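Guided by the hints, dock chain B onto chain A, whose structure is given.
Here is how the chains run, residue by residue.
There are 2 protein chains.
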Amino acid sequence: MSKLVSGLREAVQLCGLRDGMTISFHHHLRNGDFVLNMVCDELSDMGFKDLTINASAIHEGHGRLVEHLKSGVVTGIETNYMGSAVGRYISEGRLKKPVIFRTHGGRPSDIERGKSHIDVAFIAAPSSDCMGNCTGKFGPSACGSLGYAFADAEHADRVIIITDNLVPYPLAGFSISEVHADYVVSVDSIGDPAGIASSTTRMTRDPIALLIADYAAKVIRASGYLKDGFSFQTGAGGASLAAASFLKRLMQEQNIKGSYAMGGITGYIVDMLEAGCFETLADVQCFDLRAVESLNKNPRHREVTASHYASPTAKSSLVGGLDTVILGATEIDTQFNVNVHTDSRGYIMGGSGGHSDTAAGAKLAIIVAPLTRARLPLISDRVNCISTPGSTIDVLVTQFGIAVNPSGGDLALRLSEAGLPVRDIRDLKKTALEISGVPKPFAGGDREVARVLYRDGTQIDTIRNAAV
Amino acid sequence: MSKLVSGLREAVQLCGLRDGMTISFHHHLRNGDFVLNMVCDELSDMGFKDLTINASAIHEGHGRLVEHLKSGVVTGIETNYMGSAVGRYISEGRLKKPVIFRTHGGRPSDIERGKSHIDVAFIAAPSSDCMGNCTGKFGPSACGSLGYAFADAEHADRVIIITDNLVPYPLAGFSISEVHADYVVSVDSIGDPAGIASSTTRMTRDPIALLIADYAAKVIRASGYLKDGFSFQTGAGGASLAAASFLKRLMQEQNIKGSYAMGGITGYIVDMLEAGCFETLADVQCFDLRAVESLNKNPRHREVTASHYASPTAKSSLVGGLDTVILGATEIDTQFNVNVHTDSRGYIMGGSGGHSDTAAGAKLAIIVAPLTRARLPLISDRVNCISTPGSTIDVLVTQFGIAVNPSGGDLALRLSEAGLPVRDIRDLKKTALEISGVPKPFAGGDREVARVLYRDGTQIDTIRNAAV
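These protein sequence lines map, in sequence, to chains A and B. The numbering of the first sequence is our numbering, which starts it at 12 and goes up by one. The numbering of the second sequence is our numbering, which starts it at 12 and goes up by one.
Treat each hint with caution, since some may be false.
Same chains, same names: a pair is fine if it fits in one copy or spans any two.
Straight line, CA to CA, 20 angstroms or less: simulated SDA-like cross-link-like pairs of lysine to any residue [stated by the list, open to error]:
id : residue 1 : residue 2
1  : K374      : P179
2  : K126      : H166
3  : K229      : G248
4  : K326      : E123
5  : K308      : E290
These are calculated hints, taken from the structure and not from any lab test. Everything numeric in this text was worked out from a predicted model, so none of it was measured.
Next comes chain A alone, as it looks inside the complex:
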């Protein structure tokens, strides 16, 4: 009674993988992930061609994937986020088939509705028993939540569990259960713990980021949402984390008992849980080892599936009850549309992740970003790529002032009355241009290299090849 096979090759053979099929991966091991590269190398050795990869995210550590794109082992990519290592290759227009970008909520929604079929799912599991009861909560490569992998496990035709920590059957603390697992492969290592906890979770000392964070916390206070029952998500960027830290102080001073924080969880959010700022954490992804440890030990810190987190077609999901989210942006336009997919030269270096999901769900969606970066202005008349529609963004916070979406009712008034520097987004744009100068107009190509699907599955934008 065991699903353990001799290795990856045998598991792939037993699954009946064929050229042209779709394989899937989750990204909870982040930059420390070994599994996507390991599997693609093996499939290349086995002579497979024309595979499509559906990965919840593709990180910088997956640069080797470019070799498999060049050789035709992989000819299609579907993902919610793509780092620049692979993004550059895509933006150079070198992959025939456009990349499909989804969101963290849209991906499980499409998988569950049968709109995005997975033939074989490869699930990196920090601990598993021989039948595939597995979890990310402990083990030498512990990554915490396996939130993004549930839809793959539940709906792929075949599921291969890859682990470097085989434990006795049955693993009581399983996240994904054996009912979904076809084969189990034991390997030396599924990831580098140092890369699993990303450096983005360090607190910033940048005075501009701290100023922005201070404003963001004050925006939340002035908005009226910061009261008992408050729910919150923030990203792992410097200003976002600093804002959480300021918010914690505010909540403690005013003895505000929030209900939940959600999303990608950092140690800073764990601190807020333990300090009584929140009753529970709903964790779809752990950003650092403190979050991993907390998820494993604290029953009020709960792993949730990506569907529970943000699916637009689930009967409900956590984003629907969200009061406030703090998000980043690489670019925002005067209609408040946000770009997190491409850089200023049009190269892919990111993706929606849960950006548009949480913006759509939250009552107050705040963008925090410095007004200029590397002498390039944050604000334009039209973003190069709409990742998140402006209709779902409420406030932009920069170090030079705060712009409120005109659709936001009396929010601008509330912020002004609280003494915050509210400015028209077009004025902020002018300031940005005064500092940075007018940037060279973006000269993209004509070739469609990626389609950006909004969380409901409709195409919200197209990414074309960047100037070479």
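Relative to chain A, chain B alone:
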């Protein structure tokens, strides 16, 4: 942001329930359950007709269902177990459509494969938030595991959560998540705690049951399966529980570290977990309040879905790894076929539950039963109803001796060598008849009143109306 509606009636209306549809229930509140009656009464008041009830079990407390069968509100029943309150009515041949009996593993398998469609699932939830994140682990009507309800929640078109303990959103310790819930109904009480923990979980003092239990424990010891890694299930009947108690002593004396116990869990099995006899408990149903408390507090005591427990079409399930199960019987024949559906007069008073699932999965399936009951013999030439095929039963243990299935290899020899009173099952039958006299031949009717589906969905037997 709430799925809370004014009451059951509004929830039913919003779900679009229509005559002829199938509604479902789980039985974790056992004899204390108020929800099945409450819903049927309401649907009767609303004028519904021709509904089919798919319930994981129908207990004695559901006798009122007979009124709804008489009036035509309910015209079909599918279940894994039926107590005599409703069973008598069915056996009298008074319901036109035959009852469909499944097993605890076959039911979720059929639901998941689309062979058994549920239009509206009614889920009794001892605690729920306003969005339907719910659990049985705590609350005034705590019942512990909701194992049987997962398939209903995941696959019914509409899901109504009925709770008497509304908790703040989000309930971190949910078992079933909001992604499946359509509406939440708050009621005064979903059940009577005194009925939830059935009296069957009391330890027996009956000397015959204790003798049988002693034999059963010795059979397990002599079988060779009782070693480190041992896995075990037992029912909640007197002899089964006593056998667990004797087994605990054996395991402690010999310092045997088992791996897991599974199935319906009692306080006696919790004792074995805490005494180090097992590493983990896989709990599909709690039989008493001590089990409920343990499930809520001990991370090594884990709730599992009915599919994980026993589905024959899941990629694997816990029954597949089971070493030994101890089961009861109302009747067994010389081919070792077991009847747990009907009594000696052919009246329905039970059902497979997990009987045939665990018998099929376990390496050693032991039946414990007194050789006669109320002057009726246990053993016949052909059981009135085959609940569990004899090919999956290894040993019958009675107070007058132990019969081993001839297909069991050298098991009979092992037991004899251990000094156990091994006898041919035909000899045991003779002894039974000597004690009880030859019973009046069973005179059943011609009318099909129930179909017994084996765990794989094939029909294994037919129950006809009993003599009136």
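So, going through the hints one by one against the coordinates:
Taking identical chains as interchangeable, the C-alpha atoms of K374 and P179 lie at most 20 angstroms apart only when they sit on different chains, with a minimum of 19 angstroms there against 46 angstroms within one chain. With identical chains, the CA atoms of K126 and H166 are at most 20 angstroms apart both within one copy (11 angstroms) and between copies (18 angstroms). Taking the closest pair of Cα atoms, K229 and G248 come within 20 angstroms of each other only inside a single copy of the chain (18 angstroms); across copies the shortest separation is 63 angstroms, beyond that limit. Proximity of K326 to E123 under the C-alpha cut-off of 20 angstroms is found in both arrangements, the shortest distances being 13 angstroms within a copy and 18 angstroms between copies.
In the homo-oligomer, the alpha carbons of K308 and E290 lie at most 20 angstroms apart both inside one protomer (15 angstroms) and across protomers (18 angstroms), since each shortest distance falls under that limit.
The earlier numbered hints are all upheld by this structure, with none contradicted.
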